[in-house]
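S.K.: Sequence:
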Amino acid sequence: MKKIKAAIIGSGNIGTDLMYKLQNSDCLELTAMIGIDADSDGLRRANAAGYRVFTNGIDDLVERPELADIVFDATSAKAHVRHASILKDMGKTVIDLTPAAIGHFVCPPVNLGEHLDSVNINMITCGGQATIPIVNAINKVADVTYGEIVATISSKSAGPGTRANIDEFTVTTRRGIEEVGGADHGKAIIILNPADPPILMRAVIYCEVKMKDEDLIRESIAAMEQKVQLYVPGYRLKHEPLFDGKRVTVFVEVEGAGDYFPKYAGNLDIMTAAAKQAGEMIAKHLLGQNQQVKKAVVSHETK
Numbered sequence: 006m007k008k009i010k011a012a013i014i015g016s017g018n019i020g021t022d023l024m025y026k027l028q029n030s031d032c033l034e035l036t037a038m039i040g041i042d043a044d045s046d047g048l049r050r051a052n053a054a055g056y057r058v059f060t061n062g063i064d065d066l067v068e069r070p071e072l073a074d075i076v077f078d079a080t081s082a083k084a085h086v087r088h089a090s091i092l093k094d095m096g097k098t099v100i101d102l103t104p105a106a107i108g109h110f111v112c113p114p115v116n117l118g119e120h121l122d123s124v125n126i127n128m129i130t131c132g133g134q135a136t137i138p139i140v141n142a143i144n145k146v147a148d149v150t151y152g153e154i155v156a157t158i159s160s161k162s163a164g165p166g167t168r169a170n171i172d173e174f175t176v177t178t179r180r181g182i183e184e185v186g187g188a189d190h191g192k193a194i195i196i197l198n199p200a201d202p203p204i205l206m207r208a209v210i211y212c213e214v215k216m217k218d219e220d221l222i223r224e225s226i227a228a229m230e231q232k233v234q235l236y237v238p239g240y241r242l243k244h245e246p247l248f249d250g251k252r253v254t255v256f257v258e259v260e261g262a263g264d265y266f267p268k269y270a271g272n273l274d275i276m277t278a279a280a281k282q283a284g285e286m287i288a289k290h291l292l293g294q295n296q297q298v299k300k301a302v303v304s305h306e307t308k
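Add 5 to a position in the sequence shown, counting from 1, and you land on the number used in my numbering.
Because the hints were derived from the structure by calculation, they are not lab data.
A quick note: this is a predicted structure, and the numbers were derived from the prediction, not measured.
Ideal placement from N, C-alpha and C gives every residue a C-beta, glycine not left out.
Where hints are given, some of them may not hold.
What the hints assert, rightly or not - List time: in silico DSS-like cross-link candidates among lysine-lysine, alpha-carbon distance up to 30 Å:
| id | residue 1 | residue 2 |
| --- | --- | --- |
| 1 | K192 | K243 |
| 2 | K83 | K145 |
| 3 | K268 | K83 |
To be verified - Here are the computed distance ranges between Cβ atoms for each label pair:
| id | residue 1 | residue 2 | range |
| --- | --- | --- | --- |
| 4 | G96 | E34 | 40 to 48 Å |
| 5 | D42 | E71 | 22 to 30 Å |
| 6 | A54 | V209 | 24 to 32 Å |
| 7 | K192 | L221 | 51 to 59 Å |
| 8 | R69 | H244 | 45 to 53 Å |
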């Protein structure tokens, strides 16, 4: 089967885990890992796996545009501002794993089908990928007036990039709750938990709703849980949704696949899994496999 060439910019934790996830793709051919630190674990692993390795950042891709049609940016929000402009001029499709919020916000089970032709899509944040689908599921049947999420992750899973982007995390996730989740107003909080042994990623979603048909809300949430599990098998509800007046509270947990991160780092794993899902659907769209894309999107919408 023909594949679309792809490259990863950023050889940190996110980029390295994404590399392992793309290795078994049936429609994406990973060609290169691009970083700035020749001694990084990511570049060493990429080199050992047989991929082209570059250490001069995006400038190396500018000199070798044939390396990729789809570029995954796993650097930082500030770096992506520069990268986005360069990659747009190069005519590349960009999947942004930083909270730069330049491209269209995408949560695969919610709105990926609307943005298959976008030149830059933003994967929001780990907290967003874990919680926005639930906000959206509740909003579909209950009209969410306010959505608040509290994402708790292991401190050990928060690398320099995550820590540098805390402000962007809260702003971008809030926007995603509103623009993709559908809440009239949103709020996002992140907590770094230093517990040892490390905890799994957990998130609490609070939604205030106009309509409260408990059965419809439960059904919608359960259906969305299954959609996310199609690409993040370790995603699950901790228990049944709680109802208190017109407030709905949902608790989710994310266990990673263990491709590169430890399994407790579900917060990082859900980002790379979502990016892979988006990349594959866009690749199939570019390859003209629109029937397969349509079936996948319909599966997400109706499962």
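S.K.: Assuming the hint says 40 to 48 Å, is it satisfied by the Cβ distance from G96 to E34 or not?
M.R.: At roughly 18 Å between Cβ atoms, E34 and G96 fall outside 40 to 48 Å, so the hint is violated.
S.K.: For the pair supplied as a hint, K192 and K243, is the alpha-carbon distance within the 30 Å limit?
M.R.: 21 Å, holds
S.K.: Is the hinted range of 51 to 59 Å satisfied by the C-beta distance from K192 to L221?
M.R.: 25 Å, violated
S.K.: Does K145 sit within 30 Å of K83, going by the straight-line distance between their CA atoms?
M.R.: 34 Å, violated
S.K.: Do the Cβ positions of A54 and V209 conform to the proposed distance bound of 24 to 32 Å?
M.R.: About 38 Å separates the Cβ atoms of A54 and V209, which means 24 to 32 Å is violated.
S.K.: K268 and K83 were given as a pair; does the straight-line alpha-carbon distance stay at or below 30 Å?
M.R.: Holds: K268 and K83 sit about 28 Å apart, inside 30 Å.
S.K.: Has the hinted range 45 to 53 Å been met by the Cβ atoms of R69 and H244?
M.R.: Since R69 and H244 have Cβ atoms about 51 Å apart, the given range 45 to 53 Å holds.
S.K.: Are D42 and E71 spaced within 22 to 30 Å by their CB atoms?
M.R.: 25 Å, holds
Violated hints, in rising order: 2, 4, 6, 7; the structure is consistent with all others.
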